[in-house]
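Given the coordinates of chain A, assemble chain B onto it according to the supplied hints.
Sequence order for the protein chains is A and B.
Take 1 as the starting number for the first sequence in the working numbering and just add one per residue.
Take 1001 as the starting number for the second sequence in the working numbering and just add one per residue.
Hints are not guaranteed to be accurate.
What the hints assert, rightly or not - Where chain B lies over chain A, by a calculated footprint (3+ residues, C-beta under 8 Å): (1) 175-182; (2) 199-205.
As the list claims (entries may be wrong) - Computed cross-link-like contacts, EDC-like style, restricted to lysine to aspartate or glutamate with a CA-CA straight-line distance of at most 20 Å: (3) Lys-1341(B) to Asp-1169(B); (4) Lys-1326(B) to Glu-193(A); (5) Lys-1380(B) to Glu-1327(B); (6) Lys-179(A) to Glu-1375(B).
The set of hints was computed from the structure by calculation and includes no laboratory data.
Each residue gets a CB set at the ideal place from its N, CA and C atoms; glycine is no exception.
Residues per chain are reported as follows:
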Amino acid sequence: MHYIKNLRQYGIFIVFSIICLIISFISPQFLTVSNWTIIITQVSINALLAFGVTFVIITGGIDLSLGSIVAVAGVSAAMLAHPDSYPVLVPVFAGLLAGLLIGAFNGFIITKSKIAPFIVTLGTMTIGRGLALILSNGRPVSNLSEPFVFIGSGKIMNIPVLIVILVLMFILCSIILNKTILGRYIYAVGGNEQAARASGINVTQVKMAVYSISGLLAGLAGILLTSRITTGQPNAGAGFELDAIAAVVIGGTSTTGGKGTIAGTLIGVLLIGVINNSLDLLNVTSYYQQVVMGIIIIGAVVLDSLNQKSNS
Amino acid sequence: MHPADEQILKVNGLSKSFFGVKALDNIHFDLKRGEVHALMGENGAGKSTFMKILIGLLKADAGSISFNSEQIENMDVHSIMKKGISMIHQEILMVPELSVAQNIFLGREIKRAYLLDEQAINQQAENLLQSMGLNIKVQTKAKHLSIAELQLVEIAKAVSNNARVIIMDEPSSALSEKEVEILFNTIKDLKSKGVAIIYISHKMEEIFQIADRITVLRDGKFIATKPAAELDKSNLISLMVGRELEELFYANSITQPEVILKVKNLNKKGKFSDINFDVHAGEVLGIAGLMGAGRTEIAKAIYGLDSFDSGEIMLKGKKLEIRSPKEAIREGIGYVSEDRKALGFIPELSVKQNISLSSILNYSKSWFIDENKEEKASSKIAKQLNIKASGLNQKVMNLSGGNQQKVVIARVLMASPSLIILDEPTRGIDIGAKHEIYKLIRKLTESGLAVIMISSELPEILGMSNRILVLSKGKQKTILTQKEASQEKIMQYALH
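Just chain A, same shape as in the assembly (with noise of 0.2 Å):
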């Protein structure tokens, strides 16, 4: 019985297992540290958007604003990261600092206004996208400095420093999401807001709180985008909030709050990235790809909704 439950709770981990089982029977490529070098660097941005916007989901919210912040906090960060201009931190500072702030405001006008999260967010977005063609005057800012490169394409010890923050940033919110009480006031505010709120939870700063996480992270990916690409691209990022999205409720974040795991997210966001990668290797089109990516997120939510039913 215990076992079987244990099952399902970790029902798409084993999905994934099995998904890298036969794709490594298939193509021999697939299971080397080289092939997975590939396909954890491809994920990275992704993952820490699908971070930051779990914690939003949870709380029951959504951000469509995700890209748009990359785009803001990528052009402002290679703006003051031009060789001999500033030091390395200026520009990472300012990309972080754009993405909190568009962040807080989001959460800001949600808390205040008790519009939907939605419609908030599809506002910024188109927002964030003019804050971004307006500071790069619609023009590609490129000749950075090559400490700012280095985020993007160095390596640590071997490793590159894209997975390094990955990894500090899933250990991170993981902690904030388990062990610490915003984590536990995020939980209760998406479980039931009006009981949290009765209860003496300050829901108001736990939403300011969740909005501000996933801008800020989402300030964090515009930055190591831009260094990957060598270039401030104020049309970058469109459309990452769909595919950061996708990944949380693969991993299994309920879209009506209260339930999820960073660790699921990271999940959901490997997989997407697995298949796209083995495609590639079996020579798939790209076209093909994205139909079986659609595929996949309604599976993974049918699957979902099938454990609760039986659950229930």
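Relative to chain A, chain B alone:
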């Protein structure tokens, strides 16, 4: 016409197990035309499993159900409803944005040439409600109706579905005395038309008022079916719990002179006005009144869940400016809501996490939760309150109503309040758990806690309170001492 005692429903040897645990064990039951048959038992006795099988939501493992001499145990929900068995659920299932008439005909709309015939729908709905003596406008949106009206409309809907058997699950739990009267008149009317009613309730007074026969289940087993006239309250209770229960009386006779809460001239437009009372240490102040008299609104204003227009609230001599429950808890006020599901607990969180939710700062170091400390503290209070769960990590959504309520009370107590407000603390929970909660309140007052208890159940208010404040239409009518108070007196003031 059919003879009055003709059997309409016959259940034989019904059994059902979940994961090897017997939820129902060889149940026998029968129902006659035009009878009100009460189904009694503590929570977990198997009543709802039984009803779910009856209406086709669950399949029985063994046994037979015959309805009008036809075997129905293998039919699905829709076929059974068409045959004429309808259930009025505890939670009302109506579309709030649709009108009463549209709701009544939902799923079987009247059409003319493929288009909806709204006129006919309204006309037929109106005839239906009139025939039942209900004064509800059929074009009102469902969201504007009171819970009582919604329930009556649900019953009307069942009647218009040609229901011959109507199952009512705790129909009166959200109704005022006046509304219960309307409900009972409707039931009597249905009886006279030959409709049989299975009535599930925890309220003894009602059962004896309305039921012809009573069937008692305990721990999934059939205990007895007897004519209501052959039973009284105490032997019915002993059938249900399998033991004798002492008479309800728990008020603590020794209250302390210290005034914990003082409410002065509290006003909120349209809700309540000129509310003045104080609560002493170790005292239970009961608040009685009909639904809508302003009881819950006053509680919410004190607790910072709602605002108020003017007046003063003082706790231990200190004037409070509370704008949120968070501040109320910090000042030492706790609130157990009448609406457990909406305001009481977080269903997805565990027993432990719910218990510690209001006092988590006491079990943490800076931003981090100290899980050992949290575990120890919540385990201790869970034992004190006798919370029955498979473990502290069980989700609260999977507990029975009584245990959920204990979890909510535990959460409130963990914040070390000096005053707690209990709003309908025993609504919808079984007798065993009820008495445990009464005993707990007694124990808390003995240790000096001040308690405000709001309740619609007069025996409960009378048995528990040192003084009783009676409200009517937002106005404070009187404060009776325990000696002065009686059911009749309270009702006189409440109806005034």
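For each hint, the structure was consulted:
1. 175-182: holds (count 4)
2. 199-205: holds (count 4)
3. Lys-1341(B) to Asp-1169(B): 17 Å, holds
4. Lys-1326(B) to Glu-193(A): Cα-Cα ~14 Å, so holds.
5. Lys-1380(B) to Glu-1327(B): 26 Å, violated
6. Lys-179(A) to Glu-1375(B): Status holds; Cα separation ~14 Å.
The structure is inconsistent with hint 5 alone, although it conforms to all the rest.
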